[in-house]
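Participant: Sequence:
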Amino acid sequence: MLKKTLLKLSLFLVTGLLITSCNKDNSENKVLSAEELSELRPESTIVLTEASSKTWKINSAILSSSGNISKNGKNSNGTIQKDGDIDISENFNVVDDEFIFSGNGETGTVEWRKGYGIETNASDPSETLLDKYVSSVFSTFKYNESSATIIEANDGKWIFEIVDDNTLNATITNDDNSILNISLSKKNETDYISVPANGLSFSKAFTFTSTAIACCSPGMIGSYKENAIFLVTREWEYDIDSTLSIPERVLKLDINTNEITEQRFNNPDKVSKQLHLIDDQLIVIGGQYVNQYNVNLTENPVSTLHGKSLSRFGISVIDNNAFMIGGDIDNLESDKIFKWNIDSKTLSEFATLPEPKSGARGTTLHDNLYVFGGSEAFFGDLPSNLIYKINIKDPTNISVFEMDQKADFTFVDKYENLIYVANRFDSKDENGDIIGSDFSIGVFNTEDNTYKTIDTNLINSNGYDVIHQMCIFNGKMYIIFSDGQIRTEDFAVSREWEILVSDLN
Numbered sequence: 095m096l097k098k099t100l101l102k103l104s105l106f107l108v109t110g111l112l113i114t115s116c117n118k119d120n121s122e123n124k125v126l127s128a129e130e131l132s133e134l135r136p137e138s139t140i141v142l143t144e145a146s147s148k149t150w151k152i153n154s155a156i157l158s159s160s161g162n163i164s165k166n167g168k169n170s171n172g173t174i175q176k177d178g179d180i181d182i183s184e185n186f187n188v189v190d191d192e193f194i195f196s197g198n199g200e201t202g203t204v205e206w207r208k209g210y211g212i213e214t215n216a217s218d219p220s221e222t223l224l225d226k227y228v229s230s231v232f233s234t235f236k237y238n239e240s241s242a243t244i245i246e247a248n249d250g251k252w253i254f255e256i257v258d259d260n261t262l263n264a265t266i267t268n269d270d271n272s273i274l275n276i277s278l279s280k281k282n283e284t285d286y287i288s289v290p291a292n293g294l295s296f297s298k299a300f301t302f303t304s305t306a307i308a309c310c311s312p313g314m315i316g317s318y319k320e321n322a323i324f325l326v327t328r329e330w331e332y333d334i335d336s337t338l339s340i341p342e343r344v345l346k347l348d349i350n351t352n353e354i355t356e357q358r359f360n361n362p363d364k365v366s367k368q369l370h371l372i373d374d375q376l377i378v379i380g381g382q383y384v385n386q387y388n389v390n391l392t393e394n395p396v397s398t399l400h401g402k403s404l405s406r407f408g409i410s411v412i413d414n415n416a417f418m419i420g421g422d423i424d425n426l427e428s429d430k431i432f433k434w435n436i437d438s439k440t441l442s443e444f445a446t447l448p449e450p451k452s453g454a455r456g457t458t459l460h461d462n463l464y465v466f467g468g469s470e471a472f473f474g475d476l477p478s479n480l481i482y483k484i485n486i487k488d489p490t491n492i493s494v495f496e497m498d499q500k501a502d503f504t505f506v507d508k509y510e511n512l513i514y515v516a517n518r519f520d521s522k523d524e525n526g527d528i529i530g531s532d533f534s535i536g537v538f539n540t541e542d543n544t545y546k547t548i549d550t551n552l553i554n555s556n557g558y559d560v561i562h563q564m565c566i567f568n569g570k571m572y573i574i575f576s577d578g579q580i581r582t583e584d585f586a587v588s589r590e591w592e593i594l595v596s597d598l599n
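Throughout, the working numbering is defined as the position within the sequence shown, counted from one, plus 94.
Quick caveat, the hints were computed from the structure, so don't treat them as lab data. All values derive from a computational prediction rather than experimental measurement. For every residue, glycine included, the Cβ atom is placed at its ideal position computed from N, Cα and C.
Across the chosen pairs, the derived CB separations fall in these ranges:
| hint | residue 1 | residue 2 | range |
| --- | --- | --- | --- |
| 1 | Asn-525 | Val-289 | 37 to 45 Å |
| 2 | Lys-280 | Gly-526 | 53 to 61 Å |
| 3 | Val-231 | Ala-586 | 47 to 55 Å |
| 4 | Thr-261 | Phe-232 | 20 to 28 Å |
| 5 | Ser-588 | Thr-446 | 39 to 47 Å |
| 6 | Asn-390 | Tyr-286 | 33 to 41 Å |
Take the sequences, apply the hints, and build the full model.
Facilitator: This is the structure in structure tokens:
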């Protein structure tokens, strides 16, 4: 049935092209009757939705803006570009987009899964890049009143045209009136990335010195736009007069040059730090404060109390919101997830989990917040293997899945449809003292909600080697990996740490 429909529609499309070609010198082309349109539109919808739901990927994208640049020539697909057009087809914040059509008959819905946002007020490709993960946009669609192949959505700001059964052209009018011209094709199973068949093989990427990694829950994030890793921790340092100083220290590690830029901010906060990038700002969320730096680390941050007292908490971000997961020091609100709005600098309660969380981290993917493992009590007591999937639009809608091991601490980041999880496990004696630690890396596939542990070349050489942080970008995983023992005599003693890297493809 579907093949017959596609054949019939293909014949209609070809006929339409022939009519247009033959009549291009005439004043008007053939106008389809209401009956013809009514017959053909449901068949076009089947091409869009495959009678249920169909996901389309972007093959090429040209941004037409008001920038005064000259780019005469051809884009990657051979199409002529006009002056002022910007080819952004290969941008990380374009290739992660999906359009999902659902429905039948003459109407339906379209979801634009944007992933990382696109700066449309730009004059060159680099200016379109944003380290900002944004929500999906939903709209109903309808057919143009005189067409069976042109679909309108989002109050006419999105125009889609069926070219054939596997090609869809789109014209998106942005809020700033710039135009995004897109060519789409069906996204197949082979287009989704898979788990590395041979596991992960890590090698040294950077070294840095610090007095406080094992003890102090550092934060780490990768910037696609800056092509850099940002790392933050609270240091333990003594001044010349032996006065203890505990500044917040931010490092920027440039992937291209291997140069390290750093900034210290004397801020009396807790030891736990989590990072978020939005536009050109680096957001450091600590146990008490939110500190907002510029990504060049040239000025002191804007510092704001968020109103909670947290340690070993996690965060996940979307749009201008950061979700703070568990970690209440008094263990009264550790089952809560709070939402910090970057713009208004306000905190509100977002969701309640079925159990308290300490050391549990998470990530946001396609309008869902995923939380992995962690402990029910502070610092590694009653570890969990549960995965919570919380719908951001309806936080009472929580699904539960399982990892294959209970983890005291997790470090989490996404890579397209996969979520990678670096785990830490602690063994304790009858007094609750840690007598050994171990680690693993797993991956959760959001397409089928399955989790599996994967092999690595990492070795626990002394029984305490663990992963202290992890981030993913540019198809690579970066980790801090070393001895996890916390020794009082090591405080304020600087030592060398390594950041390791492995390809994920």
